[in-house]
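Trainee: Each chain, letter by letter, is given below.
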Amino acid sequence: MADCKLYYFNAKARAELTRYAYAFKGVSYEDIRFDDTNLKFEEFKSKTPFGSAPVLEVDGVMFAQSMAIARYVAREVGLNGANSLENLKIDMILDALYSDLFPLIINVFQGQTDEIKAAAKTKAVESIQKTFGNLETLVSGDYFLGSDASLADLAVFNLVNDVLPLLGLNMDEYTKISKIVASLRENENIKSHLENRPKTDA
Amino acid sequence: MADSKLYYFNTRGRAELIRLLYALKDVKFEDVRFDDTNKFEDFKPKTPFGSVPVLEVNGVFYAQSMAIARYVARELGLMGSSSLQTLKVDMIVDAITVDIFPLLKDIIWGATDEIKAAAKTKAGEVSKKTFTALENLVSGDYFLGSEVSLADIIIFTFAIEAMPVLGLAIDDYPKLAKIVAALQENENLKNYIANRPATPM
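Residue numbers (the numbering used here), protein chains in the order written: chain S, 1 to 202; chain Y, 203 to 403.
In case anyone wonders, no lab produced these hints; they're calculated from the structure.
Cβ coordinates follow ideal geometry from the N, Cα and C atoms, glycine included.
One or more hints might be untrue.
[Said to hold, decoys possible] Beyond 10 Å from chain S on every Cβ pair, some chain Y residues (computed):
id	residue
1	211
2	238
3	243
4	317
5	319
6	326
7	327
8	347
9	365
10	367
11	376
12	383
13	388
14	392
[Unchecked claim] The list that follows gives simulated cross-link-like pairs (lysine to aspartate or glutamate, EDC-like), each with its CA atoms no further than 20 Å apart:
id	chain 1	residue 1	chain 2	residue 2
15	S	45	Y	301
16	Y	246	S	136
17	S	117	Y	308
18	Y	377	Y	349
[To be verified] If you want the footprint, here are the derived chain Y segments under chain S, 3+ residues with CB under 8 Å:
id	segment
19	275 to 286
20	329 to 337
Work the whole structure out from these sequences, hints included.
Mentor: Structure below.
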C-alpha cells in the first residue's frame, strides 16, 4: 500500500475511525492536521474534491468522504471481513452508527437554543439506546464478525470511547459491546494510539 | 449469487436504488412488498434494526439501504475493478446520500412552510456545489471511464427523483447529463421502469 496522507482538522470527529484502522494494524500514514500557520484549511480547500475534509491522498490523487476513506483503508489493511457478506455486515453496522446516529448527536451540539438542544439530546439518546440494543444482538463471538476485529468493532469503539461520553453516556449495560470496547482498549496498538494522539475536545 | 429477497414497502423510496441495480444487470431477485396480508409490523421484529429495506441472503437478514446497495453492486460488478475505483465510487455515492439526501426529507416533511423553504434553499446550494464537483469527476462515458458503476446509477436516480423537487436541471452539468441520458436509453432500465409498480414515491 502506497504511503497515504490523511488531511483533517486537529480533531477526532470524522477522521478518527480511519486513524484507528491504521493504528490497529500498525500501518503507517501521514496524519496531517490543518492549523493557522503551516496549513490552513481555507487555502487547502480548493485542492479537495468537494471543498471538505477529511481527504485521503493516494499516489497524488485526493479522495474525499470520511466513510469512503475509512472503508478503503479497512480494505487495504485487512479490516473489511473475509468476504462480501461480511463486508455487508460491517457496512450495515457502520451505517447504523454514522448515517443514523452521528447526525442526531451533531444536532445536540449545533442546536440554536437550550430548548432545541435538550429536545435533540432526548431524541439522540433514545435512538442510541435502540440502536445499541440491536447491535448487541449482532455480536458474534468476541467481535461482530467472530474472532477477528473489523472496522465495525473500531467504529463502535470510536462511538463509545470518543463520542458518547460528550453526551454523558457510557454503554456499560450493553455487555457484549462493552467487551469489544474493553478488548480494543487493551490492544497494544490502540493503547499506543490513545496515549500518543493529540488531545482534542471532539 | 444466491437468490436474495428484498423486503420493503410498495414504494420506490429507499429500495429503488437496489431494484435498479438488479434491473440494470438483468439479475433476478425476490422483490417482496408489504401489504395488508404481508405486514411490515409482523416482519419488523425479524429485522436487524426494526427498519427496511432488508435483504435476506441465505436465510440471514441484512439492513441499511446503502449497505445493501453496495453489496448488490459488488455482486453485480458495479463497484469498480480495484480498491481505488471502489473508493471513487463510494466517495461519489456519499456526496449524494450523506450530504444531500438528508436535506430532502425536510423539504417534503418539514414541520412548517418556513422549514421546508429553508431546507429547499440549503439543499439547492449544496447540490449546486456538489454537482459542479461531480462534473469534474466524470472520466469518459461514466465516472470510472467506460464501465458503469453505482456512482452513475445514483446520479441517475437523483436526477429523476430529487432534482425536480429541488428545482434543478441536470442539463446544467453536461457530462452528468450524458450519463443520465445513456442510462435512460439502457434497454434493461427502460424495460424495468416501464413495468415497475406505479407508486407516488
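Trainee: Any hints from earlier that this structure breaks? Give me their numbers in increasing order, please.
Mentor: As far as the earlier hints go, not one is violated by this structure.
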